[in-house]
Amino acid sequence: LTLALLLGAALAVGCVVAVALPFLREPEPESDALDELDDDDRRRLALLEERDRALAALKELEFDHRTGTVSDEDYRAQVGALRRDVAAALQALARVSGEGQPARKRN
Amino acid sequence: MPELGRAALLVTLGLTTYALVAGAYAAHLGRRRLARSAQNALVASFVTTAVAAAVLLSALLRNDFSFIYVARTTSEALPTAYTISAFWGGQEGSLLLWLLVLTGFGAAAVSLNRRWARDLIVWVVPVFAAVATFFAFLVVAVASPFATQSAPADGAGMTPSLQNPYMLAHPPLLYLGYVGLTVPFAFAIGALLAGKFDERWLIATRRWTLFAWAALGIGQLLGSHWAYVEVGWGGYYAWDPVENAALMPWLAATAFLHSVMIQEKRGMLKVWNVLLVILAFSLALFGTFLTRSGVVNSIHSFTESSIGPWFLGFIALTVAASLALVFWRLPQLRSPTKLESPVSREAAFLYNNLLLLALCLAILWGVVYPLISEAVRGEAVVLGRSYYDFFLRAFGLPLLLLMGIGPLIAWRRASLRSLATTFRVPTIVAVVAGAVLLSLGAGSSMPGLVAYTFSAFVLATIALEFVRGTKARKALGATSWPTAFSSLISRNRRRYGGYVVHAAIVLFAIGVAGSSAFDSVAEAKLAKGESMRIGDYTLDYRSLEERAGPNATEIRATLGVRRGDRDLGTLQAGKNAYTIEQQVSNEVGIRSDRLTGEDLFVIAEQIDPDGSVYFRVFVKPLVNLIWLAGLVFLVGSLITLWPDRREQRRLVARASEVGLPATR
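Line by line, the protein sequences give chains A and B. Its first residue numbered 1, the first sequence is counted upward by one per residue in our numbering. Its first residue numbered 1, the second sequence is counted upward by one per residue in our numbering.
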């Protein structure tokens, strides 16, 4: 019983230390605020996702056309719109990057 | 050392409660160190739960019957492997396993994503902690595995049907699946709470969801095989409530895995996807509730317990809070993109989702109907096999067909002329297959014939996709056909791994249709030296013997098997009488034909003192395709789960463009 209680107590102490570790490591930090994406970064992230989505869609259409899954007719009907989507996403991204601050490095 | 187990679980409860309260407070007020402290608490709770699990495992292996749990689920004579499986064989142990896997998954998911998705993780931690707190509370206060007593001379032993090698893998895999669905749930709810609706929660949970879904799928197949070889009633799926309990979250997760592709590729269905994640997790909780509460009659309900009301309360709270959260965030979740055409790949995925959901809800209604009828009319009315079979055909057959249609339709829209060209070959294959099967007599079961015809269609589309894709890769510069084939898969693992999984589902459908729609059964009471016939088979009852097994008396009837004039050897079927457990189990005899996939399945229903035996014999065509489907499913799942370096590089590049750490 004594050994079990000792082990249990040691486990509890170890856990308390693990939980307190962030405060023990930085007792008086310069800032305790969460490092979150600001509005510019969030907008840029959304546009990056839009760009990647448009590029992936174009790539998949090209491949499906090559395999014959997408016919010439359907390919011609879609490829223009998808290229415009990619161009629009890239332009919007360039605009935001031009307007905003350069991306800062987060640790 | 039950005290150490109890202390470890108490510390776990303290840690998860702290992670819940401190984590929510830190996320709400934006406190970095407190958020990190809450994350550490969640990780530490895995360590303390592992200590508790080690104490229980040690007690099981030492046959320490002063633990009530050990005495109730094992005995001295129980082989070691089954003594280990007793960990999840009873209620308290299985709840501890839930908690262990949950805290382990929570610690891993948080640690892997704490840098690049830190603004999301701060909200994910309290959600994980809330679920973990519930389970920690159960094992501390309601169903402790560390309750003790004066040790009896021997334990009560294990239910005979659980003494089977499948029990070493089937329940843990189901738990990995159930608990794994907590990860997408925690991230989805975390994203809703944080108001972060970018793709990171989907990226962070994609492989977790696939893993949970694959574990649930394989776990169910192993369970079906266990039922087939061990329970001894001649089937592999009885629409038992507890079997359904595992099927429902798998169906919901399958729907999510398809609809999430529409969100990733078109930015649509954000609300729908979050709702599917909530549904899958709630059904996983419901499944655990059904298995462990003993609220419904089931061959799997090994215990009646008091945890039912706690579970129902937690499920109700989870569903209500999650739906309220979705409602609150509805304006931000609306997608600007609309469905462009009802004839498109996203539309096919949507139809697939509706059918999966309809099947899932039909099964749910069948499971809860006895409870509702008992509450309303005072009499539990159980919906039988015909109810489930009807909905399986009504929704399952169109689903099977859609598996072939979806991959051949273009995203956004497809012209009818294009469809006619694309579907020409698979349609010809399906029509020819249907006509050949009809001429061979498969028309005796129309659903079976339709299932086979649709299966031929789907297999043709899958083969066509692989052939065309490999040709395209070769044309794009691959040096050889094998290189082109491997490059095709490695460049789009999810798409081509998905096709392999579809092939597995087709094999499964063929196996189910063959073994259920075209099977035959014969029954006879035979004395030694007598014979019986079923189909082309003749069975000669030769002898009956009794022998002592490790923990049971084994009685076996030996039958000679012939097919026409050909001698196929012998088959044994009988019963095991377990001394300690005071129970008798059927031990069936199965002869598999590896070439045709057919089984000859023999049950010794009743063995009389004079040595005569009442036999029930089945011939199940193609049933082995079901188990083969499991292997193909595993291969397809592994392909989809395998890390994709190209995608990883793209995600890292995207993250670094907004200043997030390159590592996840």
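Take these hints with a grain of salt, some might be off.
To be verified - The list that follows gives simulated cross-link-like pairs (lysine to any residue, SDA-like), each with its CA atoms no further than 25 Å apart:
no. : chain 1 : residue 1 : chain 2 : residue 2
1   : B       : K528      : B       : G564
2   : B       : K338      : A       : L90
3   : A       : K59       : B       : G564
4   : A       : K59       : B       : E647
5   : B       : K338      : A       : R51
6   : A       : K59       : B       : K528
7   : B       : K265      : A       : P29
8   : A       : K59       : B       : T337
9   : B       : K265      : A       : L58
10  : B       : K196      : A       : A57
Treat the hints as calculated values from the structure; they're not laboratory data.
**Message:** Checking one constraint from the list: CA of K59(A) to CA of K528(B), max 25 Å. Satisfied?
**Reply:** violated (71 Å)
**Request:** Would you mind confirming whether the straight-line C-alpha gap from K338(B) to R51(A) stays at or under 25 Å?
**Result:** holds (18 Å)
**Prompt:** Are the Cα positions of K59(A) and G564(B) separated by 25 Å at most?
**Reply:** violated (59 Å)
**Message:** Please verify whether K265(B) and L58(A) have alpha carbons no more than 25 Å apart.
**Reply:** holds (11 Å)
**Request:** Starting from K59(A), check that the Cα of E647(B) is at most 25 Å away, please.
**Result:** holds (14 Å)
**Request:** Given the hint that K265(B) pairs with P29(A), test it: the Cα-Cα distance must not exceed 25 Å.
**Result:** violated (42 Å)
**Message:** K59(A) and T337(B) were given as a pair; does the straight-line alpha-carbon distance stay at or below 25 Å?
**Reply:** Holds, at about 20 Å.
**Prompt:** Is it true that the CA of K528(B) sits at most 25 Å from the CA of G564(B)?
**Reply:** Distance ~21 Å between K528(B) and G564(B) Cα, so the pair holds.
**Message:** Tell me if the straight-line CA distance from K338(B) to L90(A) falls inside 25 Å.
**Reply:** Answer holds: K338(B) to L90(A) is near 22 Å, not above 25 Å.
**Asked** Going straight from one Cα to the other, do K196(B) and A57(A) come out at no more than 25 Å?
**Response** Cα-Cα ~24 Å, so holds.
Checked against the numbered hints given earlier, this structure breaks hints 3, 6, 7; the rest are met.
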